[in-house]
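So the protein lines, in turn, are chains A and B. For the first sequence, position 303 matches number 303 in the working numbering, and the numbering has no gaps at all. For the second sequence, position 158 matches number 158 in the working numbering, and the numbering has no gaps at all.
It is worth saying that the hints were derived from the structure and are not from the lab. No residue lacks a Cβ here, since even glycine has one placed at the ideal position from N, Cα and C. It is possible that part of the hints are untrue.
As the list claims (entries may be wrong) - Among the chain A residues that face chain B by a calculated CB cut under 8 Å, a handful are:
1. 59
2. 60
3. 61
4. 99
5. 101
6. 102
7. 128
8. 132
9. 159
10. 160
11. 244
12. 245
13. 255
14. 265
15. 268
What the hints assert, rightly or not - Pairwise CB distance ranges (calculated):
16. B:319 to A:150: 57 to 65 Å
17. A:22 to B:63: 45 to 53 Å
18. B:148 to A:64: 31 to 39 Å
19. B:36 to A:104: 23 to 31 Å
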Amino acid sequence: MSQARPAGRWGDRLFGALSFGCAALALLLMAGLFFEIASGSAQALSRFGLGFVSSSAWDPVRQDFGALSSIFGTLVSTFIALLFAVPLSLVIALFLVELAPPFISRPVGLAIELLAAIPSIIYGMWGLFVFAPWLSEHLQPFLQELFGEECFLVAGPPIGIGMLPAGIILAFMVLPYTSSVMRDVFQMVPPVVKEAAHGMGSTTWEATRRVTMRYGIQGLVGAIFLGLGRAVGETMAVTFVIGNEHRLSGSLFAPGNTIASTLANEFNEASEPMYRSSLFALGLTLLVMTLLIQVATHLWLRRIQRKMGAGL
Amino acid sequence: MNAKLSTKVALILCLTIAGGWLGAGDALAADPVRIDGAGASFPYPIYARWADEYHKQTGVQLNYQSIGSGGGIQQIKAKTVDFGASDAPLKKEELDQAGLVQWPMIMGGVVVVVNLPGIGANQLQLDGATLADIFLGKIKKWNDPAIANLNPGQKLPALPISVVHRADGSGTTWLFTNYLDKVSADWRAKVGCNKEVSWPVGMGGKGNEGVTAYTQKVKGGIGYVEYAYAVQNKLATAKLKNRAGVFVSPTMEAFQEASASADWQNAPGFYMVLTDQPGEKSWPITGASFILMHREQANAAKAREVLKFFDWCFANGEAAAKKLDYVPMPKSVSELVRTMWRADVRASGTPVFN
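Construct the complete structure from the given sequences, taking the supplied hints into account.
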């Protein structure tokens with residue numbers, strides 16, 4: 001392992017042991033966490049079984065709990081967030097790398113990175129006090145007119161609080177992450193590849209679509225999943241604007257909830273063992289969901305690599 | 001050079017650690033008595049205020065963590081704190097099972113707030129059944145005959161009613177649903193009473209501030225918050241019809257009236273919920289916040305300090321409580337509590353408090 005002077009061997013061993021210990025600690029923490037959450041949720045899962053994830057009941061009085069409305073809310077709000085954030089950050093990244101002159105791209109890039117440093121509760125407060133009123137007075141009536149009041153997507157009073165606002169706030173929070181990673185990805189594409197494309201007569205758009213994006217596809221997908229990871233687990237900002245209702249609704253204007261917001265809201269006062277255990281089970285659901293997303297990402301990335309021969 | 005540098009660093013580290021350790025030893029020697037408590041968030045501001053004043057007078061430090069009633073009950077059962085605090089009282093059986101005593105420390109009220117154009121504070125009148133029907137989603141418009149009948153001469157808008165409730169589990173929700181549970185059979189059958197319930201309609205705001213924000217954002221909104229919060233934020237409260245059939249406004253006197261009419265003497269373990277109490281001036285959604293302690297104390301001196309603090313609060317805490325819009329316990333009740341301390345809180349058989 002070491003080819004240094006004999007005097008350095010002990011140091012190497014010590015360092016090796018130390019770094020192994022740190023790596024093992026990370027694994028141990030992960031295993032411990034999983035064990036604690038699983039044992040905490042044992043009571044709820046043994047009573048409700050798999051029905052826990054398919055039931056939309058949430059009744060602390062009758063001690064009947066199900067995760068469906070929270071899972072649904074988590075997925076829908078995340079989907080809305082990515083729907084807005086992914087195309088937007090792709091465009092932002094392309095603009096910064098391919099089109100903007102340095103004196104614009106540098107400050108704009110910095111500003112976007114600064115957005116990522118804003119604590120999530122600030123997004124939540126801004127969402128509740130500034131964005132929600134604007135939404136209820138302008139955007140929501142407009143959407144209702146556009147789709148027609150009967151359309152299930154926009155049913156209900158336009159109160160500015162609900163699934164759509166939560167999704168949009170999440171999009172704002174995800175945007176800086178995805179766009180700055182995408183920018184880095186585009187910057188890493190070797191200029192010679194792009195120049196070759198231009199040399200063969202491609203327009204900027206063709207070079208971008210066929211060469212730059214294809215070359216960096218792995219990084220781009222990685223950026224999207226980074227955003228997804230943040231959106232799935234986001235708590236405070238969502239809690240402020242989602243309306244916190246354990247109810248399944250097709251309307252984007254209706255209040256809903258997510259797993260993370262339910263946990264934040266209800267853990268403090270959940271004194272009954274079954275209630276507490278159900279909240280643990282909800283946490284376990286979130287953990288499993290994020291693990292599944294991770295696994296799916298890896299599989300997908302491998303497939304893309306094989307199919308497209310991406311360079312990064 | 002590296003070796004020298006690392007020796008120096010090691011030396012400095014050693015000195016710092018040793019110094020810190022010695023320093024900590026010094027601090028430990030001069031450590032004043034410290035009382036630890038945890039629980040309900042509703043009484044946190046007043047407990048913190050009392051603790052501050054008490055500290056100035058006696059040097060005794062009180063550390064209260066407002067982690068919620070559920071957490072407070074768990075912590076006291078696990079004996080990680082000297083006292084726990086809960087907004088909802090524990091039943092006598094549960095107290096006995098865990099070897100705990102409980103007493104009411106401070107009171108507050110839950111008030112109904114509305115956002116209706118042209119209707120100010122205490123201009124709207126509601127009764128229990130109507131309030132329950134609104135929160136059940138059975139009454140959907142403000143100009144519904146059921147509301148109009150209670151408000152003759154008042155021009156009610158044709159706005160849809162937007163119900164706002166607490167999203168987080170809370171003692172406020174417990175009191176509010178306890179009241180609806182008492183006055184409406186329908187509510188009892190469909191929803192019930194707890195710190196968090198399965199709400200039939202509406203949307204949930206986090207904390208009193210969340211409910212307030214939602215209620216004020218939405219025209220036609222109705223919600224419930226703690227009295228102190230409504231006063232400090234000048235919210236439009238509604239009058240409620242009490243058990244005696246009188247419409248009352250939420251005031252300090254109305255809360256005190258509710259607790260004065262209650263029969264504490266015959267409430268085992270001080271289990272008493274002050275909702276829907278008799279008395280012409282009583283506000284129907286009043287509640288006390290409770291303190292929990294172990295019956296058997298391991299450390300007599302520490303337990304005595306804890307009880308001395310609460311004794312001081314009963315005797316001297318009234319002004320501070322009223323200033324923060326809390327309702328102090330009546331003298332008759334605090335005497336009953338002291339009697340219970342003398343009889344029930346013991347360390348190896350001998351009473352701790354005298």
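Against the structure, the hints:
With 8 Å as the threshold, the beta carbon of residue 59 (chain A) comes within range of chain B, its nearest partner Cβ sitting at about 4 Å, so the hint holds. Evaluation of the residue 60 (chain A) hint against chain B yields a held restraint, the C-beta minimum of about 5 Å falling below 8 Å. Hint status for residue 61 (chain A) relative to chain B: holds, with the closest Cβ pair at about 4 Å, below 8 Å. Restraint check, residue 99 (chain A) versus chain B: the minimum CB separation of about 40 Å is more than 8 Å; hint violated.
Below 8 Å, beta-carbon pairs count as interface contacts, and residue 101 (chain A) has none with chain B, the closest being about 43 Å; its hint is therefore violated. With its C-beta approaching chain B no nearer than about 41 Å, residue 102 (chain A) sits outside the 8 Å limit, and its interface hint is violated. Look at residue 128 (chain A): its Cβ gets to within about 6 Å of chain B, closer than 8 Å, so that hint holds up. The beta carbon of residue 132 (chain A) comes within 7 Å of a beta carbon in chain B, closer than 8 Å, and the hint placing it at the interface holds.
Hint on residue 159 (chain A) holds. Least Cβ distance to chain B is approximately 5 Å, under the 8 Å limit. A hinted interface residue such as residue 160 (chain A) counts as satisfied when its beta carbon comes closer than 8 Å to some beta carbon of chain B; here the least separation is about 7 Å, so the hint holds. For residue 244 (chain A), the interface hint holds, since its Cβ comes within 8 Å of a Cβ in chain B; the closest pair sits about 3 Å apart. Residue-level restraint check for residue 245 (chain A) holds (minimum Cβ-Cβ distance to chain B is 6 Å; threshold 8 Å).
At about 4 Å, the closest approach between the beta carbon of residue 255 (chain A) and any beta carbon in chain B falls short of 8 Å, and the interface hint on this residue holds. Evaluation of the residue 265 (chain A) hint against chain B yields a held restraint, the C-beta minimum of about 4 Å falling below 8 Å. For the restraint placing residue 268 (chain A) at the interface with chain B, the shortest Cβ-Cβ distance is roughly 3 Å, inside the 8 Å limit, so the hint holds. Between residue 319 (chain B) and residue 150 (chain A) the beta carbons are some 59 Å apart, a value that agrees with the proposed interval 57 to 65 Å.
Taken as a hint, the range 45 to 53 Å is violated for the pair residue 22 (chain A) and residue 63 (chain B), whose Cβ atoms sit roughly 34 Å apart. A hinted range of 31 to 39 Å for the beta carbons of residue 148 (chain B) and residue 64 (chain A) is consistent with their spacing of about 37 Å. Distance hint check: the CB atoms of residue 36 (chain B) and residue 104 (chain A) are about 57 Å apart, inconsistent with the given range 23 to 31 Å.
Of the numbered hints given earlier, the model fails hints 4, 5, 6, 17 and 19; all others are met.
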